[in-house]
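Chemist: Here the protein sequences come in this chain order: A and B. Numbered per our numbering, the first sequence spans residues 11 to 162. Numbered per our numbering, the second sequence spans residues 28 to 521.
Just so you know, the hints here were simulated from the structure itself, not pulled from any lab data. Hints should not be assumed to be uniformly reliable.
[What the hints assert, rightly or not] Mimicking DSBU-like on lysine-lysine, the simulated pairs with C-alpha atoms at most 30 Å apart in a straight line are: (1) Lys137/A with Lys336/B; (2) Lys42/A with Lys327/B; (3) Lys140/A with Lys349/B; (4) Lys349/B with Lys407/B; (5) Lys15/A with Lys92/A; (6) Lys137/A with Lys349/B; (7) Lys140/A with Lys327/B; (8) Lys327/B with Lys137/A; (9) Lys338/B with Lys137/A.
Here the structure is a predicted model, which means the values were calculated and not measured.
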Amino acid sequence: MTVTKPILLAEDNPRDAELALAAMEEYHLADKVILCHDGAEVLDYLYCRGQFKTRLQGNPAVVFLDLKMPKIDGLEVLRTIKGDTTLKPIPVVMLTSSREERDLVESYALGANAYVVKPVEFHQFLKAVKELGVFWGVINEPPPESTGKSAS
Amino acid sequence: MDSSHGQGVPAQESIDQVQQASLDTTGTAIRSIWSRILRKFQAGSIERRILVGFCLVFAGILVISAVSYRNMTVLLRNSHQDTRSHELIQLLIGMGTRLDEAEDGHRRYLVTGDESYLKPHEILKERLPEYLRYVRELTHEDPAQGERVALLDDLVQRQLDAERAAVALRRETGFEGVRGIALAGVAKGELDAFHRIQTQMEQDENRSIHRRVIESAAMTRNTIVLLGTGGLLLFVLLASVYYLIRHDITERRRVAAELARRGELLVAANKELEAFSYSVSHDLRAPLRHIDGYASLLEKSTVHALDDKAKRYLQTISESAKRMGQLIDDLLIFSRMGRQEMLHTRVDLDQLIASVLHDLRPDLQQRDIVWTISALPEVKGDPAMLRQVFSNLISNAIKFTATRPSAAIEIGSDQRNPDEIVIFVRDNGVGFDMQYAGKLFGVFQRLHRADEFEGTGIGLANVRRIIHRHGGRTWAEGMLGQGATFSISLPTKR
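Okay, chain A solo, but in the shape it has when bound:
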């Protein structure tokens, strides 16, 4: 299994980020993860601007989005991605602590591909992140538009 495309992880909490990376490490996915600390950084990455101006072209394999983030929150980022024709095909997985019904409803209404509540228990968290990383980063076939774009 070779992973060519990066996994974009949007997580403002450094501890959560570290735990997530520790989980990815188990499947050697950690080096593919690009960590963003807020919604604005996610959009900067996707639009190749700011600190990501010089990055390699192409969309990530998947975006893991936290709901509550500084500057631009997860739902806003999701709305921007799903409202942009070139970004729209990127799979977006909401990875959040919230189990509130309205967050679920709104996320799916905006076009989220999956919604995962972070378990409190570390082993379950580990399992969840690992499975997500493997599924979206390895098993899932990304949409051809983004492949085509990254090739150009």
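We have chain A; now place chain B onto it with these hints.
Modeler: Below, chain B without anything else, positioned relative to chain A:
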């Protein structure tokens, strides 16, 4: 003060005092009655007060109308009688003139023998019955005048008779025979008497007219005063009733506005609560995840370096974090139960219990439980919430009979009261002391140590909250070591 009345003065004073005292008592009595009426009136409901007000107005209108009607009748009667009086006077004058003419003509005939002078006499004779009938008709209400009319009748008859006799004599004897009569006038006395009586009658009628004019004037004045004061009173009454109604409406509007304001506050408070629980759900979980996560990472990276004691410490840290996560989740569910929109549909309890038992199968493995489940009625409510209720009650029963070698759980209903359906879950488990029965349904209230029976203590609080939202009641009966019965009631009408 005159000293000669020295003895009389104290007596007089005492009489005055007695009178004064009796006046005072009357005054006090009236005042007390009045204040009692006023109190009673003020104690009445607004509807009653308005009704009393309108009744008073209606009664006032009735009284004014009745009195005005009576006064008006008197005025009309007087005016009618005035007309009759005037007619009578005119008639009497007319009759007098006729009599004078008859007498005059008759004398001329006696002197000249010319028959044409007898014409007035003939006319009088012819019309007399008619005149008399008319006069009698006009005076039949007054006996004194009636008597005079009889006199008049007699006088006129006598005059006519005398004239007739004189005419006969003239025809027999010629002028010489009646010379004396012709000069003196045959019925001079009767004629004078007639005029005297006529004058008396006229004066009588004029007096009556005068009396009636005064009476009518008084009546008119009375009516005007009555209408004026009555109208004023009615106006005051109506104004009071208007004030009452207006006051009531203002009060109601104020209450409605207050209610609306409180409703808004409640909505705001609810929103705040929602934001709070959202924040709890999102922000409180993260540190717990970190505690458990780093404890696990620490355990993993030092797996060979740590002794058993240190491993147990790490284990405890993880378990505590997990337990707190569970508590937060339960609290959030409890909070959501209070806010969530409720459905109101028919719920088949038999089906619901069956599905709950199906879901609880993992807990039932290696357990020997005797189930006694009666046929349950259909109820109205929110299916998901009621499912939560029975899931909690049944899993409690399973949990607290775990120490029994042979557990027995009974689910049944009691529909003796037509207003509510009671459903109970009875077990032969560890039971509880009735003195703690009040604490059972509280949030995070537990009667057992955590190492005896697991659980966060939110289950029964959820049961109570859901049943309360359905308009029902929850209660429990039990005895330490003898099992427990948990009952809920659901109203049949909502």
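Chemist: Each hint: holds or not?
Modeler: Hint check results:
1. Lys137/A with Lys336/B: Holds. Lys137/A to Lys336/B sits at ~27 Å (cutoff 30 Å).
2. Lys42/A with Lys327/B: Cα-Cα ~23 Å, so holds.
3. Lys140/A with Lys349/B: holds (20 Å)
4. Lys349/B with Lys407/B: violated (37 Å)
5. Lys15/A with Lys92/A: Judged against 30 Å, a Cα distance of about 20 Å means the pair holds.
6. Lys137/A with Lys349/B: Measuring from Cα to Cα gives roughly 16 Å; hence the hint holds.
7. Lys140/A with Lys327/B: holds (17 Å)
8. Lys327/B with Lys137/A: Distance of about 15 Å is within 30 Å: holds.
9. Lys338/B with Lys137/A: holds (22 Å)
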